[in-house]
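*Asks:* Sequence:
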Amino acid sequence: MPCCEEQGIPKTCRSVCVGDYSLQTITEHYKCMDFTMQTLACISTGIELLPGQPKNVEVEATSPTQLKIDWLAPHQPTAVLNYVINITELTSFDPNLKMMSSSTETKPVEPKGPDEEKSGVSLGHSIKLGANQTSFTMDGLKPSTMYQISIYAQNAEGQSLPTPPIRVLTLSEIRKENDGDSKAATAKESIPDVRACCVEKEVKQERCLRTMCDPSHAHEATLTDIMICAPWANVTFSCMANDIDHSDCCRRRGIPNDCLYFCTGKVTKIDYNHFKCLEYMPFYGSCVLEHYGVLPGNPISLSLNGVSEKWAVISWKPPKEKADTVTRYSFYYRKLGTDDENDPYFQISGVDSPYLLDGLEPSASYEVFVAAENKFGSSEGSERLIFQTHDPEPEPRNVTSDGYNETQCCVDAKLNPECLPLCSYKVKLHDLQMLGPKCMHQLDILMRCGAGGRDHTPCCQRYSVNPACISMCAGKITANQYDSFSPRFCTREMGAILTCMEEGTGQIPSTPVDFHVAFTTPGSVHLEWDKPVEPVNVTEYKVFYTEVMADMVPPTPLNYTMNVTVRAPMAIINNLTENTRYSFYAVATNEFGQSTPSLIVLVTTPTSGVNDKRIDSVLSPPYGVEVVHSTVRSIAVKWQPPLHVPANQEVLYTVYFQATNATGNVSDVDELPNTVTTMFTQTLLTNLTYDTQYKISVQARTPEGNRSSPMSEVVLAWTDAAIPAYVNLPLIAPIGPIREGSNITVACLGYGVPTPNTSIYINGQLLVALPQHQVAVTLQHITRNITRLSCYADNGYGSGGYTSLSVHVLSSPIVTIPVEEVQTEEGATARLSCKVSGFPEPQFHWDRDRQTRNSIRTSDTVGLQAIPDTEMPHTYTSSLILKRVSKADAGKYFCSATNQYGMMTRTVMLKVMDAVRKNSSSCCTDQGVSVACMPACAYDVDIMYALKKPECIQDLDKLMFCAADGSDHRVCCKSKGVPWACQRWCAGRPVQVPTHCALISAREVVSCFEEGKGILPGPPLKVKGVRLPGEIVVTWEAPAKHPEVVQWYKIFWRHVGSMDANKNETDKKEFRFPAEDDKIYEILVKAGNHYGMSQPADALVVHSNDITAFSERQSVAAADGSRIFISLLIALAVMAAAATGFMWYYRRHKRATSPPSSATHGVNFENPTYLKDGISLSPATDSVNFNSVFALQNAKDTNGGLKEPHRGRGRDKNAPAEIDLTDTSGPRAVDNHYEDFRHVRLH
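Each residue of the sequence shown is one higher than the one before, starting from 157 at the first, in the working numbering.
Treat the hints as calculated values from the structure; they're not laboratory data. One should not assume that every hint holds.
[To be verified] Distance windows between CB atoms, simulated: (1) P1135 / R1004: 33 to 41 Å; (2) M726 / P623: 31 to 39 Å; (3) P1135 / E977: 31 to 39 Å; (4) T1017 / A1196: 26 to 34 Å; (5) P893 / R1004: 43 to 51 Å; (6) P318 / F836: 54 to 62 Å; (7) T1017 / P1199: 25 to 33 Å; (8) Q503 / L205: 44 to 52 Å; (9) S1260 / T1017: 56 to 64 Å; (10) F836 / E313: 53 to 61 Å.
[What the hints assert, rightly or not] Here are the simulated DSS-like cross-link-like pairs (lysine-lysine), alpha carbons at most 27 Å apart as the crow flies: (11) K1130 / K1067; (12) K1225 / K1180; (13) K687 / K570.
Since the model is a prediction, treat every value here as computed from it, not as a measurement. Just so it is clear, CB atoms sit at the ideal spot from N, CA and C, and this is done for glycine as well.
Hey, can you work out the whole structure from these sequences and the hints?
*Replies:* Right, here's the structure in full:
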């Protein structure tokens, strides 16, 4: 520092001389650059001549009167003449800086006075030692006294900086008469059981036993504990002390004198005066434990590693004693220099070395120390370290001596608040680097307010500013500078530019204001203006003017060719031409420079007379309009701001544009249809038409609108031509076969203008979509269910491009068993199935012995079948068909699938039950099978026998009904390829053309009957309905046929006249649904499992006035019966009149349609939606929207019919005739897999 002062280095730059590089602003960097050589010379000289700072200072208290001080020599090779140790006795245990401010200065060695002889050291003392000495033991100190020590090195050229002060407490004086102290010295005895001592003396409160009778938990004591345990204070403290006086330890730990008597153990009472001692309870507990030698030593080598304005880094080393028992460290700190001499320490537990102490105050002194802790307690604490945080950075002063505030100028000009840190002559280099790129779009405001209406070009020329950046000194941004301004170009000149701007403020005049025309004549113009706002001397004014041709106002001052110099703020310009348009502006000058140009005035001289109308000045036009880029729907435009504009003026820009085929004149603002307003010097014109030429012009104006500039030049620009999007096939990498579990990358390349949105789909599901030409995604661990990859691109033009690619993932077979236990009857046909997925297509094998693996082969009684799944690619159903099953066929069967990538086997169990003899002849008799065909019903229904008898063709519908045996086999029939029109036989219902179905599907239908004998249930029995308030409860019993195979029941219900029917599924034999009390409800129940469903049970009708359930063989209630009966009579009359000519045909072929006299009548179900087993059932509140799902239980066709069995019940003579509820006049709303669409209406 002395060298820097001698060299005349400014104070701002001297921080470098002491190793504190605190230059922040650009101007500081620029100004200090001129003194770099002198500063470096002083630093170099100092490094070569001045000694360095002593390192690693350690102070240890070795006795009550001695401190051992160790340090290391400086790492610099400069010679050290001697070391000086500053030691200061502190007048209290923890004094603040104000108490010791008068005694911390370094003092030379002087003779000791009488008091000093006694203590061995004065309050402030310096000891000079030789250069070879790096250790010193200070003797003659006071016991239990805090001392502060610092060291610096000296030689003939000067001295080093002192080390950070360290505070150390000397040990307590050993008194031999105290037996407790001798015990503490040996530390051999064990810790006494303090809790047992308290319990023995009748301390009963658990909280007192925990906190006041356990030294390891003394730190948990609260004010409440002290108050509650006060009656036992004499006991608790006596037991804790164990007849030992711990006062010396307590004094070393800083416990005040008023609380020291706690440490003696001779406490008689506690009152409110002692509540302040609560915060010292942890220290007291540690002193008790310290006596027994179980606590760790103090951390050593406490040092300061770094310090800033708000943080410091402190490090230390583990203690020398019991370091292995340390569990954590506690960090203590406090701020010094306050009015309170006993400021408390703030504790931070669980820290490690080094530790960052954050949240400090600038220019403040802090004292810190560290204590080691183990499971018993805490050590006394290390030596105290004192340090001072750095001074805060001075806030830049934005107000210059003449009152100009550049930051306020930027605020008035509506600079983005985020960019305000750049609008200062004291701008920091860090802010320029971070905010420069973000604030480029408002650089014109920054430069304009920096110049403040003054032209600093001469100063910048003296500082040798790069010519490409020199116009910034006048607040102007030219086109090339606007593009090239970056940290690599003009940033390096900002120091000189800002220095010139700051120096010129208060010397150079600013822009003249209120520039206007007072009056005009054919040959002259009278101009007036006001002086600049700042109180700066103006010696003269210059008025520049030029003639304006064809409305093209000059955008820059360089285009003005004529000028007049005046001394007063007014001028008369003569020798002008009449009826001619002119443009004027003015500048103010003095001996230091000139201002920037004022606003311009546009005036046209009259042809005669005097025009005394005032004409105000306006902004000059924007210039340099250019097209940055264009797309199909947009054009990006930028321009240069006006050069004639006040520094603090907010400027808005209006961009006018229209297609060139429009009739408007781009120079005529009123006729321009499209405008965009912005505060920036660039904008994006959107929603344009593709492949169209546009004319564009820009106008500047003030927000108030009272000063609008002339229009800028007009530019022409084309939008791009649109190209509809198209896309390539999906690209897969790596190329080659795809193995299951591998990773692949799928890429889609979309083309088109504008850039399309390109998407990737997997199995029809969108995976990713991005607005770019190329999209790629990596699929991790690809699975076999990925079968198709697709690309789609769309840019809004055309229909978009779509490509797709089938994917075959190589995979080993996976075998799943739909039904693990198949049940069948002896003599029937059993089908065992397994579902297999894999690619390439696996080989299927069935066997019964996994050891020999002899595959089962086809024979008369064994069939093998493999059918591909129509919905799942590379999935197959392999079936083993066993005909005429016997008990020997029961057992385990193994389904195996093998391809080149693996093999898998699963087990199916076949259970063969005893055959149940069925009374088929009874069913055939009830259905009216002719006598000639009755042999087909001898044991079981033999459809193949009937097919050989021509006279039995007319009875096939009836035989199929009996062969179905109450079950619905359509799932099996569909899998065997039975045509849709013939699948009615599979449910025991008539078909339209029996002869046709007999030829093409009879064998398959019979096969399904055989397979379903043992696996399909019959219809539920005894279906009943009970009406309760607001609901109906439906109950039923299990089917008589195979009740053990029932997995669920399906319930269909609706109220009469409704177009919708609700469907539900349950595994119980009861179902409840909400019902309105005034409506009649119809109900149908079916039993089913995963193989198929039963035929529907008898239909129910639950009336509104009772709880009777009606089946199709039960009577209809009287009220409804009357209504149906009347409708029936009318229908029969109409039918009779229309069918008289066909009666013979009707009696012969439609005999089954009209039931015999013994038949009962009722409401029946026919709609096949309720009979199909594959339908997905919805919750109770869902409904199927079709016209009607309720029809006759027995199928009734126009060509024939079936008769229901009597089942022991006779016909009710009073019941009305049977009504055919089926109307084939329209389609049914629900798609059915098994039969044609039918419109069913309930009358």
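*Asks:* Take the hints in turn and mark each one as holding or not.
*Replies:* Verification of the supplied hints:
1. P1135 / R1004: 33 to 41 Å: Distance hint for P1135, R1004 holds at roughly 36 Å.
2. M726 / P623: 31 to 39 Å: 36 Å, holds
3. P1135 / E977: 31 to 39 Å: 32 Å, holds
4. T1017 / A1196: 26 to 34 Å: 30 Å, holds
5. P893 / R1004: 43 to 51 Å: Given about 36 Å between the Cβ atoms, the range is violated.
6. P318 / F836: 54 to 62 Å: Because 56 Å falls inside the window, the suggested range holds.
7. T1017 / P1199: 25 to 33 Å: Between T1017 and P1199, where Cβ atoms are some 29 Å apart, the hint holds.
8. Q503 / L205: 44 to 52 Å: 45 Å, holds
9. S1260 / T1017: 56 to 64 Å: At 58 Å between Cβs, range holds.
10. F836 / E313: 53 to 61 Å: Check passed, 60 Å falls within 53 to 61 Å.
11. K1130 / K1067: Roughly 25 Å between the alpha carbons, so the hint for K1130 and K1067 holds.
12. K1225 / K1180: Holds, at about 11 Å.
13. K687 / K570: 25 Å, holds
Of the numbered hints given earlier, the model fails hint 5 alone.
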